[in-house]
Amino acid sequence: MSKAVMETKFNTTLSAPYKTSKSLGSRIGYGVLYVILGIIAIIQIYPLIWLLLFSLKTNQEVFGMSPFSLPQNPQWGNYAKAWSAGHIDVYFFNSVLYTVIAVVLTVILASFVTFAITRMHWKLSGLVLGLFMAGYMIPLHSTLIPLFNIFKSTHLIDNPVSVILSYVAFNLPITIMILAGFYKTLPREIEEAAVMDGCSIHRIFFQITLPMTIPVLSTTVIINMIYNWNEFVFVNTFLSSDKWKTITVGVNNFVGQYLTDWGAIGATLMISIIPVLIAYFILSDRIVEGIAAGSVKG
Amino acid sequence: MKNVMSNKFVITLYVLPALILILLLIYIPIVLTGYYGLMDWNGIGKMKFVGLDNYIELVKDKLFWQSTWHSLLLGLFSTVSLVGYLILSLILASKIKGANFLRKIYLIPMLLSSVAIGQLWAKIFDPTNGMINRLLTIFGVDNPPVWLADSKIALYALFFPIVWQYAGFYIIIFYAALKNVPEELIEAAKIDGATSIQIAYKIKLPLIAGVIKVMVILAIVGSLKYFDLIFVLTGGGPNHASEVMASYMYSEAFSKYNFGYGSAIGFGLLIICLVMTWLIQKLLSSKEVEF
Chain A
1 MSKAVMETKF
11 NTTLSAPYKT
21 SKSLGSRIGY
31 GVLYVILGII
41 AIIQIYPLIW
51 LLLFSLKTNQ
61 EVFGMSPFSL
71 PQNPQWGNYA
81 KAWSAGHIDV
91 YFFNSVLYTV
101 IAVVLTVILA
111 SFVTFAITRM
121 HWKLSGLVLG
131 LFMAGYMIPL
141 HSTLIPLFNI
151 FKSTHLIDNP
161 VSVILSYVAF
171 NLPITIMILA
181 GFYKTLPREI
191 EEAAVMDGCS
201 IHRIFFQITL
211 PMTIPVLSTT
221 VIINMIYNWN
231 EFVFVNTFLS
241 SDKWKTITVG
251 VNNFVGQYLT
261 DWGAIGATLM
271 ISIIPVLIAY
281 FILSDRIVEG
291 IAAGSVKG
Chain B
1001 MKNVMSNKFV
1011 ITLYVLPALI
1021 LILLLIYIPI
1031 VLTGYYGLMD
1041 WNGIGKMKFV
1051 GLDNYIELVK
1061 DKLFWQSTWH
1071 SLLLGLFSTV
1081 SLVGYLILSL
1091 ILASKIKGAN
1101 FLRKIYLIPM
1111 LLSSVAIGQL
1121 WAKIFDPTNG
1131 MINRLLTIFG
1141 VDNPPVWLAD
1151 SKIALYALFF
1161 PIVWQYAGFY
1171 IIIFYAALKN
1181 VPEELIEAAK
1191 IDGATSIQIA
1201 YKIKLPLIAG
1211 VIKVMVILAI
1221 VGSLKYFDLI
1231 FVLTGGGPNH
1241 ASEVMASYMY
1251 SEAFSKYNFG
1261 YGSAIGFGLL
1271 IICLVMTWLI
1281 QKLLSSKEVE
1291 F
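In order, the protein sequence lines correspond to chains A and B. Counted the way my numbering counts, the first sequence spans residues 1 to 298. Counted the way my numbering counts, the second sequence spans residues 1001 to 1291.
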């Protein structure tokens, strides 16, 4: 306590003159810093505003007028065209479906594994955890040809099951990584008391441990949702019928077909990114936290 | 108590489904890719065993080494740009007003799919109507570059969307690490009269050396795995000028139906990723001793 007082005393006596002598210089310095930080923010955000602008323009406006002008007469028809002519409605629904199923499966399976590894006692737990973690380092493209062959011989090519299973498998490592970090900080006393009371292991997991992990579960759900929503290679390789494709692949095909129709292309791209932007707008704190947790712990 | 928590049946029940999935869809394919590399195979017909032919061809294949070089170059650029991200994070973490808001803005591109980013940047790079060339024309540049269509600069042009996409991600991580540096250490250094640059260099950076190391690995190994963005923006062209390992593998297998040779490239990619991870860890761990 006295030490803290000493420190603050030192601080005030030493830093007061230091601050006044530097205030003008440091104010200019801060001004410059803010300008730099602001310019970077504009660089990060302006391409998306530009996209929004040209998604509402006619081709004449895109080609003839300044790229920074506002659309004269917002062409909402571009969105209607993209939604129906580009099958975007089907792709959108598929994306939602695969994302939801894969996220639920991944989070449940990962919770089971994390519980068994961090809470239960068995010899190979360290090895199995290592196996899951190392999966994070494997380049997915090296597995693509064998996966294609495995799914072909099990008749799962052009069947969404192949894509959903791949999402689950490739997202398990990062999900377990994030969960394990949280499980290690959870107190064990409640679970131990429940064991004493003769509670079954399943009840402990479902009624005690799982509810305690809800904050971190929501983080992993969001991270998984973003990954799955944006995934491209698996869908592009394993699914060929239009009725099964997702929005990421659909957008890519649509742009290939309507090469010169900037408005419709812009509208399609906007439709594909709006759900993620809305999720970010509502849940930005959780998403930022999840991204920080997911990679630093690894 | 020990009995309930070490029930073998329950452990198997909880671990096995996920374990089977990653064995079946990650580990067995990794082994198979090396095995398929020994085959002459078009993906549909029968495989024909050709021994090490594909791998010998791979070692002699100029295109493979060129695409490896491109991947490594992207990794090098990404590593160098980490310096910029670090400086930005140091600024943001030094109690700047609005830092939280700014880093959230910076992260936005990272949330979009590489396909959407690719298609958006295809428009930004468009030689006549794209954002960049329209800007350059306004500033009086007569013959702005054609960017992705120019084989001399296509690979370097790709780096703009890559930085745009990942900058926020690295800043978030460095920022989080810097926020974990104990406040007392910085206060003590200030009392001793250290400048903020000295504090950054002598205290903050050494303390987050572990995170920096992980990010270097992520930047380099992540670059070796780049695919989506390049596939969408250039498809590896023009004339292989922006070909990387994954895009080369993909076009050999899924466009030319050389599944055997494609597998050999995939196996090469795996080996190079593992070797690079090991190498960086080795190089950086010896450096860490200095701190």
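The set of hints was computed from the structure by calculation and includes no laboratory data. In this text the structure is predicted, and so the values were computed from the model without any measurement. Beta carbons are placed, not taken as given, at the ideal position from N, Cα and C, and that holds for glycine. Treat each hint with caution, since some may be false.
Result set (DMTMM-like, lysine to aspartate or glutamate): computed pairs, CA atoms no more than 25 Å apart in a straight line [as the list claims (entries may be wrong)]:
no., chain 1, residue 1, chain 2, residue 2
1, B, K1202, B, E1187
2, B, K1256, A, D242
3, B, K1008, A, E192
Heads up, incomplete: computed chain A residues facing chain B, CB under 7 Å, no partners named [as the list claims (entries may be wrong)]:
no., residue
4, I42
5, Q44
6, G130
7, M133
8, G135
9, L147
10, T213
11, I214
12, S218
13, F232
14, V276
15, S284
16, V288
17, I291
Quiz item: Against which earlier hints does the structure fall short, listed by number upward?
Solution: 4, 6, 7, 10, 11 and 12
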